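Heads up: the protein sequence lines correspond to chains E and F, in order. If you read the first sequence in the working numbering, its first letter stands for residue 13, the second for the next number, and so on. If you read the second sequence in the working numbering, its first letter stands for residue 42, the second for the next number, and so on.
Calculated directly from the structure, the hints in this document are not laboratory data. You may find that some hints are simply not true.
[Said to hold, decoys possible] Listed next, the in silico DSS-like pairs over lysine-lysine satisfying Cα-Cα at most 25 Å (straight line):
id, chain 1, residue 1, chain 2, residue 2
1, E, 370, E, 236
2, E, 370, E, 298
3, F, 155, E, 163
4, F, 157, E, 60
[Said to hold, decoys possible] Which bits of chain E does chain F cover? Going by a derived footprint, with three or more residues having C-beta under 8 Å, they are:
id, stretch
5, 30-36
6, 51-63
7, 96-106
8, 347-361
The structure presented is a predicted model; accordingly, all values stated were derived computationally and were not measured. Idealized CB from N, CA, C, for every residue including glycine.
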Amino acid sequence: MLRQIEGSRAVAESVALCRPEVICAYPITPQTHIVEGLGEMVKSGQLKGCDFINVESEFAALSVAIGSSAAGARSYTATASQGLLYMAEAVYNASGLGLPIVMTIGNRAIGAPINIWNDHSDSMSMRDAGWLQLHAETNQEAADLHIQAFKLAEELSLPVMVCMDGFILTHAYERVDVPTQQQVDAFLPPFAPRQVLDPAAPLSIGAMVGPEAFMEVRYLDHQKQSQALELIPELSREFRDAFGRDSGGLLRGYRATDADTLVVAMGSVNGTIQETVDQLRAEGMKIGSVSLCSYRPFPAEALRRALGCASEIVVVEKCVAVGMGGILSMEIRNALSGLPLTVSTVVAGLGGRAITQKALRAVFQRAQFGQLQPLTFLGLNENVVSRELERQRDRRHSGPPAENILRDLRSPVCP
Amino acid sequence: MPVTELKFYQTGTFTIGNRLLGEEDRAGQSAANRANSLNCGHRACQGCGEALGARYAIDAAIRASKGQLVVANATGCLEVFSTPYPESSWQIAWMHSLFGNAAAVATGIAAAMKVKGRNDVRVLAQGGDGGTTDIGFACLSGMFERNDDVLYVCYDNEGYMNTGVQRSSATPPAARTATTPAMGVEPGNRFGQGKSIPLIAMAHQIPFVATASVANLRDLEDKIERATLMRGARYVHVHVPCPLGWGSEPSDTIKVARLAVETGLFPLFEAEFGALSGHTAIRRRVPVEDYLRLQKRFAHLFRPVVDVARIAHIQAIADHNIERFDLLN
């Protein structure tokens, strides 16, 4: 049924329809509304057969989910930012053990400086942790991806992160079609674990593994992610047949087939990019875009097919590998190696900085004429940066940089 | 117990299976049908107190739960020596996740059992003192506070033995470890205020808290059996000597453990809902010196000269315990 609801609420309802049996909750902005919604549904009796546990940290949240999943219960949690880092050890553990936990990430920057707004630094920091990572473009897709995620996770016996942009999606009220219980039940079978802690059939799970087998166990995870490259599009097709709309898949092109310039991005910024593409198309520029939904597994082949015919690739990414540059663009360069095209990195929207059509338009036009630098920080205030660098050159005790920059921004001389 | 003529020293103690006694008076471990949850062939050191404590504790829990037991294990000696892949000494449903999360993993297992309607399955978490008093403390306290249906057993060997004998917050004052070397003005570990997890557990008002020792295995079995059958959060803290880390003879493990009890350094007590409900009286009080002298980790207290002041300080700790828990009565 179509309803005008908050993104977090849509995700909470969608997760509830998947009949989770254990939910662990620890508050962190901006994912909190999701677990609040689920807590309410469990407490009111709307979501039956589910234990909702208020834990003392994110590390405990995922650890509880590890225990409940290993004991055969469909398990869910959600986190963001510092919370994801605090549970990092358990993130690797859940995938290493092959436990099909589903976790929502309300994507948010990582401090210091402390910042609650959206970028992709948090989930990116766990890109090698062995989880599948799916990025939602809209709230509808965020809701739908959770239904696909449980099926995907349980099919492969690997955990899945569904990433949705903090605030931009989690707190936005949009029209979302929340499916019915019958629809979801028909799509998602009950959890049949590959391994389960059962006194009647005792197993040791999590044994010490030495050099003789460790690489094989890791390779198996890599293999399973490769299987996911086929399973994700299959599930997306199956989902379309059952629910009548496109959600998920590895990636989606927008006016991409005949484009000379192609923009690649993950998550909600694709909306802004598509509108900018429309404008530039109207002005005669042959531009299109590709929204990458599956970041892990990384669909190198599909990207090569989707981007290979263009001459200019612009990767707009909400994260930065400090001291190196773009993360997504590095992987895309790798996927496109040997093709006669240029890949430029545009680092944008860090810590929630608005990504405007105007700024994107200027960047895409520069790319069209081959004038875009290999690495651009979109909307960077170079004035305040040079002032701080100057201060650090001049004075030994130049003080805390973030606070200096905030002060400069308020001073009449700058920017 | 019927009057039985005792011919051997061991039959008069609480320490072994008492196979010389009649069936009904024997420890569970000497029964022919004992579970052997932690089977032979594991790689613990000779004289390992933790292996002994864990075998008795888990077999007792298996008996009490009629075999319906799932165990979550913290990283540490116990996990490492029992499960080098692909061999496992565990004959039970057993899981290891991380060093600091055994209590939380057990909470998850208990939650799953609850939603699956498996009320017959009991969940036990276990770890060493490092995984309990230090890195796993937050998860443990969270599990207590929520009163999750988990029995947590800590095997306290007073240090990080698996990584090569480093200090933990359970390491006693003056003890030499790799990170509190026996050198300088005050050799060995500093004299702090201590960190008693049993007392901290009691402050959470959980249904059951107890201490136990491998010197008194009948008592350990009894406490674990009772704790297994209770609901809510329960905690049993077991004192387990480590010949490697303590520098004691492997053949002296039980003796050292008994001296810890009889000096008053490791009091045996139990508590329900935050209030003390019982203790085991010291049968033969001994000075701490008898305990310290058997362990190389305290050798610097006696050589080159006897460190009278610091031995007196340790004696004062023991005396305080005896008074606090009324251990002579």
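The hints, checked one at a time:
1. Between residue 370 of chain E and residue 236 of chain E the CA atoms are separated by roughly 42 Å; this puts the pair beyond 25 Å, and the hint is violated.
2. Annotation: proposed proximity of residue 370 of chain E to residue 298 of chain E holds, straight-line Cα distance about 18 Å (limit 25 Å).
3. A threshold of 25 Å between alpha carbons decides the hint, and for residue 155 of chain F with residue 163 of chain E the separation of about 23 Å falls inside it, so the pair holds.
4. Pair hint residue 157 of chain F plus residue 60 of chain E holds up; C-alpha atoms about 12 Å apart against a cutoff of 25 Å.
5. Check result for the stretch 30-36 of chain E against chain F: holds, 3 residues qualifying (beta carbon to beta carbon below 8 Å, three or more required).
6. Look at the stretch 51-63 of chain E against chain F: 3 of its residues bring a Cβ nearer than 8 Å to a Cβ of that chain, three or more, so the hint holds.
7. Chain F is given as covering the stretch 96-106 of chain E, and this holds because 3 residues of the stretch bring a CB closer than 8 Å to a CB of that chain, at least three being needed.
8. Counting residues of the stretch 347-361 of chain E whose beta-carbon sits less than 8 Å from any beta-carbon of chain F gives 0, not enough to reach three: the coverage restraint is violated.
Checked against the numbered hints given earlier, this structure breaks hints 1, 8; the rest are met.
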